[in-house]
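Q: Chains as they are written, first to last, in this note's numbering: chain A, 420 to 595; chain B, 0 to 219.
Between beta-carbon pairs, the in silico distance windows are:
#1 A:PHE559 x B:PRO85: 50 to 60 Å
#2 B:VAL122 x A:ASP477: 46 to 56 Å
#3 A:LEU566 x B:SER104: 31 to 41 Å
#4 A:GLY557 x B:TYR187: 30 to 40 Å
#5 A:ASN468 x B:ASP69: 32 to 42 Å
#6 A:GLY488 x B:GLY116: 53 to 63 Å
#7 B:ALA197 x A:ARG563: 29 to 39 Å
#8 B:LEU185 x A:ASN468: 52 to 62 Å
#9 A:PHE471 x B:LEU185: 49 to 59 Å
#10 A:VAL497 x B:ILE213: 56 to 66 Å
#11 B:GLY201 x A:ILE463: 27 to 37 Å
Heads up, incomplete: computed chain B residues facing chain A, CB under 8 Å, no partners named:
#12 THR63
#13 TYR66
#14 PRO67
#15 ALA72
#16 ILE97
#17 ASN98
#18 GLY99
#19 ARG102
#20 TYR149
If you are wondering where the hints come from, they were derived from the structure by calculation, not from laboratory data.
From the three backbone atoms N, C-alpha and C, an ideal C-beta is built for every residue, glycine too.
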Amino acid sequence: MLSRRSAILLLGLAAPVAGCIGSGTSGGNSSDEIDCTELTCDWITVSGNPVFGPTWHDGDLGVDLSAPGQTVIELKDVFFVDHDARQMTLRAVITRDPSATMSFELDFYAPGQGAGATFWDRSPVFLVTRTLAVTQQGTFHFSRPVLVPSEGAAVILRVAKDGGGPAMIDELELGS
Amino acid sequence: MKRWFVLLTVGFGVLTPALAVADEDAPQDSAHDAVKPFRPHFLGDLRYLFLDRTDNNYFGHANTYSYPVDPGASGVQLNLGAELLPRLALLASADYAINGADRDSAQLRLQSGAVLGMLRWSVWRVGDDDMHFEAALQGGFGRYAIKETYLDPALSPQTYEKDAGAWGGTAGAQVSFDVSGFVAVLGYGFHYAPATIADRIGGTVQAGGNEISIGLGVWL
Numbered sequence: 420m421l422s423r424r425s426a427i428l429l430l431g432l433a434a435p436v437a438g439c440i441g442s443g444t445s446g447g448n449s450s451d452e453i454d455c456t457e458l459t460c461d462w463i464t465v466s467g468n469p470v471f472g473p474t475w476h477d478g479d480l481g482v483d484l485s486a487p488g489q490t491v492i493e494l495k496d497v498f499f500v501d502h503d504a505r506q507m508t509l510r511a512v513i514t515r516d517p518s519a520t521m522s523f524e525l526d527f528y529a530p531g532q533g534a535g536a537t538f539w540d541r542s543p544v545f546l547v548t549r550t551l552a553v554t555q556q557g558t559f560h561f562s563r564p565v566l567v568p569s570e571g572a573a574v575i576l577r578v579a580k581d582g583g584g585p586a587m588i589d590e591l592e593l594g595s
Numbered sequence: 000m001k002r003w004f005v006l007l008t009v010g011f012g013v014l015t016p017a018l019a020v021a022d023e024d025a026p027q028d029s030a031h032d033a034v035k036p037f038r039p040h041f042l043g044d045l046r047y048l049f050l051d052r053t054d055n056n057y058f059g060h061a062n063t064y065s066y067p068v069d070p071g072a073s074g075v076q077l078n079l080g081a082e083l084l085p086r087l088a089l090l091a092s093a094d095y096a097i098n099g100a101d102r103d104s105a106q107l108r109l110q111s112g113a114v115l116g117m118l119r120w121s122v123w124r125v126g127d128d129d130m131h132f133e134a135a136l137q138g139g140f141g142r143y144a145i146k147e148t149y150l151d152p153a154l155s156p157q158t159y160e161k162d163a164g165a166w167g168g169t170a171g172a173q174v175s176f177d178v179s180g181f182v183a184v185l186g187y188g189f190h191y192a193p194a195t196i197a198d199r200i201g202g203t204v205q206a207g208g209n210e211i212s213i214g215l216g217v218w219l
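Can you make the complete structure from the sequences, with help from the hints?
A: As structure tokens, then:
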């Protein structure tokens with residue numbers, strides 16, 4: 420059993436130690452159309468050999484596009500939060516070696532007239548592709564506004580990487 | 000951890016009997032160092048430690064990935080030893096520091112520690128045995144260790160651990176004020192400790208760095 424004096428001493432020692440733990444947030448929220456901040460998203464591999472696993476740390480999961488050659492992955496999303504938003508922001512944490520090129524392509528679609536169970540089965544109408552080149556290198560926050568076509572109701576977000584060297588994406592979100 | 004404790008205990012055990020023998024016939028006057036006969040003194044203090052760890056982009060990477068952690072860690076330091084020759088003290092020093100960051104449910108922690116043998120030289124001392132102020136230089140050598148743990152229970156029950164250990168050295172200075180055997184001390188030291196943890200994209204952090212410590216102790 421600790422005496423009161425011992426307990427006070429231990430608390431005194433613990434206080435400065437406990438004060439050194441920072442607290443952050445990945446930034447994602449419920450109003451984001453795409454939120455890959457806490458869990459990895461349902462990416463589809465179009466080409467190459469992406470690794471859906473560790474990024475800067477073994478325990479921090481994201482997408483590792485470092486395999487040599489071209490890699491393309493994509494994510495489909497039907498807007499559900501705010502159909503009137505005409506501008507969104509694409510954010511991500513990226514690690515890119517100068518020897519690797521990387522870009523985001525966003526294909527916007529309007530609803531189609533066909534029959535089918537899902538939006539994508541009903542022959543959606545392609546509207547426009549917005550391309551965002553990643554020019555920064557190193558490890559950095561990427562944030563870029565994206566204009567949404569007036570009839571845009573869904574998006575296919577594609578990440579294309581080419582060349583060698585490390586390239587990783589984590590904390591990706593598309594929202595307001 | 001157990002090995003550190005044994006080292007500390009042995010070191011303390013060797014020093015204490017020598018002090019006890021030497022202390023029996025020590026004069027109890029308040030003359031200055033220059034005129035009074037020397038007697039050994041027991042030294043001990045417990046300090047709050049601020050350690051600014053040496054890194055190469057490790058903390059930059061962590062912050063970019065939304066873990067708000069900086070190189071500064073808090074901890075404690077225990078020093079025990081004896082002034083066996085005038086103004087020259089031999090000490091055993093042990094310290095532990097921790098910091099980290101949480102991001103949502105993920106927890107990143109960095110812990111480091113050291114067990115060192117130290118030599119301290121009081122370059123300037125004014126006052127007498129009952130009350131004095133002194134400035135000292137010190138250096139030492141010993142074992143350093145660093146450990147990183149990462150846990151994100153939302154993604155995985157697995158705790159990711161990395162650790163490293165290495166021999167290293169330290170050099171520094173301190174000022175202290177002694178009243179009736181009780182000491183207040185403020186110190187600075189640089190620790191060269193190549194025990195290194197690396198992240199997956201080239202960032203590294205070491206167990207050493209710049210240290211500032213402040214604490215209370217005894218000089219008996």
